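Line by line, the protein sequences are chains A and B. The first sequence begins at 1 in our numbering and counts up by one. The second sequence begins at 1 in our numbering and counts up by one.
Hints listed in this document are in silico derivations from the structure and should not be mistaken for laboratory results. Quick caveat, the model's predicted, so the values are computed rather than measured. Fair warning: there could be bad hints in the mix.
Distance condition first, Cα-Cα at most 30 Å in a straight line; then the derived DSS-like pairs of lysine-lysine [as the list claims (entries may be wrong)]:
1. A/13 with B/522
2. A/153 with B/522
3. A/68 with B/410
From chain B, some residues computed to sit far from chain A (all C-beta separations above 12 Å) [what the hints assert, rightly or not]:
4. 335
5. 340
6. 403
7. 422
8. 433
9. 464
Ideal Cβ placement from N, Cα and C applies to all residues, glycine included.
This is what each chain is made of:
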Amino acid sequence: MDIVINDVSKVYKEGTKALSNFSLELSPGIIGLLGPNGAGKSTLMRILSTIQKQTSGTITADGINISKDPDYLRSNLGYLPQYFGIYPNLTANEFLTYLAVLKGIDKQSAKDKIDELLVFLNLDHAKNKKLKEFSGGMKQRVGIAQALLNDPKVLIVDEPTAGLDPVERRRFTNLLTELSEDKLIILSSHIVSDIESTATDIAIINKGMNVVKDTPEALLSKVKGMVYKTIIQSHELSDFRKNHVITSTYRKAEGVEVRYLTSNPIADDIAVVPNLEEAYIYLIRGD
Amino acid sequence: MLKTNLRIKFRQRGFQYILIAAIFLNLIFLPDRDAGYNTLLVDDYTGFYNSAFIGLTTAVLTVFFMSLFGFYLLSGLIIEDYNTEVGQVIATTSVNDKEYILGKFISNFVILMVIDLIIICTAVIVQLVRGEYLKIELGKIVLPHLIYVIPAFIFFSALTILFELLFRSRPSFGNISYFFIWMISIPISFDSSFDLLGYHGYEVYIRNNFSSLYENSIILGTGDLPATFVEYPGIIFNISMIIPPLVLFILTGIILNSSIKYFDRFSLSERKMELKINDYNRRLAEYKIKYQRIISIFKRNKKSTDEIQTNNEIGLAEPEYSISKVIKTSKTITLDNIKIEFKQLVGTISYKWKLFYLILLSISFIDSSILSSIGMIVWLIPIVKLSKIGIQERLNSIEELVFSTPNLLKKQFLSMFVSALLFVMMATSPFLLNLILFRPIGIIGWIISSIFLVSSALVLNMIANNEKLFTIIYLIVWYLGPANQLNWIDFTFIQDYMLTLRYSIFAFLSILLIIFGIFLRKRQIDNAYP
Ligand SMILES: Nc1ncnc2c1ncn2[C@@H]1O[C@H](COP(=O)(O)OP(=O)(O)OP(=O)(O)O)[C@@H](O)[C@H]1O
Ligand SMILES: [Mg+2]
Numbered sequence: 001m002d003i004v005i006n007d008v009s010k011v012y013k014e015g016t017k018a019l020s021n022f023s024l025e026l027s028p029g030i031i032g033l034l035g036p037n038g039a040g041k042s043t044l045m046r047i048l049s050t051i052q053k054q055t056s057g058t059i060t061a062d063g064i065n066i067s068k069d070p071d072y073l074r075s076n077l078g079y080l081p082q083y084f085g086i087y088p089n090l091t092a093n094e095f096l097t098y099l100a101v102l103k104g105i106d107k108q109s110a111k112d113k114i115d116e117l118l119v120f121l122n123l124d125h126a127k128n129k130k131l132k133e134f135s136g137g138m139k140q141r142v143g144i145a146q147a148l149l150n151d152p153k154v155l156i157v158d159e160p161t162a163g164l165d166p167v168e169r170r171r172f173t174n175l176l177t178e179l180s181e182d183k184l185i186i187l188s189s190h191i192v193s194d195i196e197s198t199a200t201d202i203a204i205i206n207k208g209m210n211v212v213k214d215t216p217e218a219l220l221s222k223v224k225g226m227v228y229k230t231i232i233q234s235h236e237l238s239d240f241r242k243n244h245v246i247t248s249t250y251r252k253a254e255g256v257e258v259r260y261l262t263s264n265p266i267a268d269d270i271a272v273v274p275n276l277e278e279a280y281i282y283l284i285r286g287d
Numbered sequence: 001m002l003k004t005n006l007r008i009k010f011r012q013r014g015f016q017y018i019l020i021a022a023i024f025l026n027l028i029f030l031p032d033r034d035a036g037y038n039t040l041l042v043d044d045y046t047g048f049y050n051s052a053f054i055g056l057t058t059a060v061l062t063v064f065f066m067s068l069f070g071f072y073l074l075s076g077l078i079i080e081d082y083n084t085e086v087g088q089v090i091a092t093t094s095v096n097d098k099e100y101i102l103g104k105f106i107s108n109f110v111i112l113m114v115i116d117l118i119i120i121c122t123a124v125i126v127q128l129v130r131g132e133y134l135k136i137e138l139g140k141i142v143l144p145h146l147i148y149v150i151p152a153f154i155f156f157s158a159l160t161i162l163f164e165l166l167f168r169s170r171p172s173f174g175n176i177s178y179f180f181i182w183m184i185s186i187p188i189s190f191d192s193s194f195d196l197l198g199y200h201g202y203e204v205y206i207r208n209n210f211s212s213l214y215e216n217s218i219i220l221g222t223g224d225l226p227a228t229f230v231e232y233p234g235i236i237f238n239i240s241m242i243i244p245p246l247v248l249f250i251l252t253g254i255i256l257n258s259s260i261k262y263f264d265r266f267s268l269s270e271r272k273m274e275l276k277i278n279d280y281n282r283r284l285a286e287y288k289i290k291y292q293r294i295i296s297i298f299k300r301n302k303k304s305t306d307e308i309q310t311n312n313e314i315g316l317a318e319p320e321y322s323i324s325k326v327i328k329t330s331k332t333i334t335l336d337n338i339k340i341e342f343k344q345l346v347g348t349i350s351y352k353w354k355l356f357y358l359i360l361l362s363i364s365f366i367d368s369s370i371l372s373s374i375g376m377i378v379w380l381i382p383i384v385k386l387s388k389i390g391i392q393e394r395l396n397s398i399e400e401l402v403f404s405t406p407n408l409l410k411k412q413f414l415s416m417f418v419s420a421l422l423f424v425m426m427a428t429s430p431f432l433l434n435l436i437l438f439r440p441i442g443i444i445g446w447i448i449s450s451i452f453l454v455s456s457a458l459v460l461n462m463i464a465n466n467e468k469l470f471t472i473i474y475l476i477v478w479y480l481g482p483a484n485q486l487n488w489i490d491f492t493f494i495q496d497y498m499l500t501l502r503y504s505i506f507a508f509l510s511i512l513l514i515i516f517g518i519f520l521r522k523r524q525i526d527n528a529y530p
């Protein structure tokens with residue numbers, strides 16, 4: 001499925017402009033949405049999930065306007081919100097069955113699918129436990145399971161790895177890669193490495209605007225030769241920070257090793273291979 | 001925090017409605033003399049509209065109504081805190097428990113007093129409009145409010161907090177219990193010298209000076225018109241008047257004190273709970289590491305064992321997996337939809353309820369004389385569950401999951417309605433059994449009642465967007481109708497069951513409500529997130 005976002009703006013009642021003239025074209029693959037807190041990622045994802053309405057602009061899915069006919073997209077949609085509740089008195093199994101019924105999935109396929117997902121998401125042992133007894137990470141996995149129930153063509157996941165332990169996080173990113181063949185997956189995260197390891201395309205969003213959308217390789221090439229490494233003493237660090245954009249620091253025996261972004265490096269500092277986080281910082285700063 | 005609480009409440013629609021209602025009630029309770037009814041009637045005496053009488057009437061009515069509606073307006077603040085980030089901040093002890101509870105108490109009181117202030121202002125205007133006495137004696141208007149309204153409001157501000165804490169996990173039960181406490185306690189003060197509303201003192205004054213009939217007195221009613229008007233001079237002090245406010249103050253102190261203690265324990269146990277979950281997660285992680293080690297040893301894969309020991313990335317020995325892709329969908333409503341909605345609505349029924357149900361069922365075999373008592377009990381049972389239908393997504397913050405599914409209205413509305421109807425019919429089935437055995441003609445009424453109840457719950461819940469509006473209206477209707485035989489609002493047809501126009505009226509109303517309900521539900525789905 002292809003989704004075209006055309007000139008979309010969203011102004012909240014209190015006057016916050018969460019999205020301004022946002023345009024983006026999406027086709028199957030994994031699109032990672034990166035952006036600072038309050039950039040408008042969740043707002044964009046809610047609008048794409050037909051849960052919220054944009055103030056202006058249009059969004060089409062396979063050419064069908066999703067504001068006019070939301071059910072076309074909804075039939076092909078899996079959505080994991082950033083924050084969501086559960087019915088505390090249902091078990092994981094019952095809750096997923098409930099949502100499967102609402103999604104219109106036939107009884108037997110729902111049952112098979114739920115069993116499969118529960119095993120896969122490591123919730124099999126807890127499937128008959130009431131959801132109110134679940135830990136944060138377990139709830140998050142129930143959320144992931146419900147998004148996958150209908151084998152969606154469009155999967156929208158808003159910070160899916162929040163609250164997951166490293167093992168589960170890894171399982172999830174692997175799952176995304178496996179699913180991505182014929183699907184459009186839109187993924188937002190604060191963890192650049194999660195996106196780095198999965199996304200085929202990365203869109204960076206800041207202050208409600210689309211900064212850039214490109215492949216990870218292309219983004220990296222934008223900062224090529226702009227990241228340098230040097231070793232300074234601890235007490236010099238704060239001065240150094242004033243004059244340079246530091247992307248990371250490592251304490252070492254001989255001082256602090258800093259990586260920083262610059263177009264005119266200090267004399268004999270060594271250029272290093274940039275990573276995606278550095279590309280992200282560079283692009284967000286807008287210089 | 002105080003400011004935030006106040007801001008939240010003043011902005012709430014409930015507050016605005018109650019304010020409008022208060023002004024409106026003022027006009028109703030100080031009726032035009034041609035209106036055909038009078039208030040504060042002792043036998044057939046009532047007061048001229050001078051400042052003293054108007055002050056007293058508004059005070060009596062303010063205590064009477066705000067002690068009920070005020071509770072529903074104020075409750076929810078603490079629970080809101082616990083469901084939002086504010087709660088997390090509090091739970092991590094940035095505010096101490098005493099400050100928190102006292103802050104809530106003060107903000108409750110301020111909210112109620114703002115309402116009272118507006119009532120007093122309207123009272124002045126009403127006195128001028130009615131125009132019997134144009135001399136405004138502000139002191140006489142305010143005095144009854146000082147003596148009766150303020151102590152009562154202080155007490156209710158504290159009581160609300162206690163209720164909220166006690167019933168924090170089951171607010172609907174709190175709402176219902178409060179109604180019954182109100183229903184029992186307020187009328188007592190009418191007839192005793194423990195005068196909470198100021199009504200008893202007035203009654204005694206009129207009796208001593210004018211009437212010797214000692215027949216009846218009512219705060220609102222048609223009485224025998226035309227009434228005889230007397231000039232009420234205002235409250236006359238006597239020492240026993242100090243007792244009720246004193247008792248209320250002492251009770252307030254006790255309530256606040258125990259709330260602080262109770263709150264302390266409850267936030268502590270909540271904190272402990274958090275620890276437990278963390279502990280559980282840690283143990284789970286440890287278990288997984290062990291498990292992975294065993295597997296890797298079994299596979300004689302030394303390398304991954306080392307890695308497990310050195311870092312936490314233990315997902316190395318991952319199982320082979322693949323997610324299947326065969327999904328069949330159905331577009332029609334099936335029995336499954338109803339079953340699962342029912343499950344969601346009702347949950348698991350506890351043994352206590354099952355036992356209670358069996359008792360009711362066996363009693364209903366006795367004879368027709370117990371019909372009305374069974375009816376009254378049975379029609380109360382569904383109230384908690386019904387107060388959630390139509391807004392269950394909002395109550396559990398689940399809108400984003402549910403409202404992004406396709407064709408929701410078409411697929412869900414009917415099954416939601418039917419499952420709620422089934423539940424009501426189940427809960428009231430002892431009553432049905434009695435009808436079948438002893439008054440079969442009532443069965444038609446029972447069906448109409450059930451449908452009417454479900455459709456009005458649905459509509460009221462969706463209008464208010466919370467559980468309270470339906471709960472309170474339902475309790476009042478139940479109290480006036482089935483319990484007090486005000487037959488024209490008795491939708492249960494317990495007392496007056498002859499086939500009359502009322503059946504058709506309630507059936508017709510149900511249809512209107514259902515149509516309106518569909519409309520509201522559609523609006524809700526379309527505007528899930530503003
Ligand atoms: N329901 C709402 N009402 C009013 N303003 C909102 C609402 N939701 C978000 N906003 C505002 O819109 C902007 C974008 O918020 P959004 O949640 O989309 O950001 P985000 O990129 O998802 O941030 P985060 O990384 O913290 O999740 C913010 O300024 C936020 O304050
Ligand atoms: Mg977000």
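For residue 433 of chain B, which was marked as not at the interface, is the minimum beta-carbon distance to chain A over 12 Å? holds (29 Å)
For residue 68 of chain A and residue 410 of chain B, compute the direct alpha-carbon distance and say whether it is at most 30 Å. holds (17 Å)
With 12 Å as the threshold, tell me whether residue 340 of chain B passes as away from chain A on beta-carbon distances. violated (5 Å)
Beyond 12 Å on every Cβ pair: is that true for residue 464 of chain B relative to chain A? holds (19 Å)
Non-interface claim for residue 403 of chain B, where every Cβ of chain A lies beyond 12 Å: The claim breaks: residue 403 of chain B does not keep its Cβ more than 12 Å from every Cβ of chain A (closest is about 6 Å).
Test the statement that residue 422 of chain B is away from the interface with chain A: the closest C-beta pair must be farther apart than 12 Å. holds (16 Å)
Between residue 153 of chain A and residue 522 of chain B, does the CA-CA distance stay at or below 30 Å? holds (26 Å)
Would the hint linking residue 13 of chain A and residue 522 of chain B be met if the CA-CA limit is 30 Å? Cα-Cα ~21 Å, so holds.
Are all beta-carbon distances from residue 335 of chain B to chain A longer than 12 Å? With a cut-off of 12 Å, residue 335 of chain B comes too close to chain A, as the shortest Cβ separation is near 10 Å.
Of the hints listed earlier, those the structure fails to meet are numbers 4, 5, 6, in rising order.
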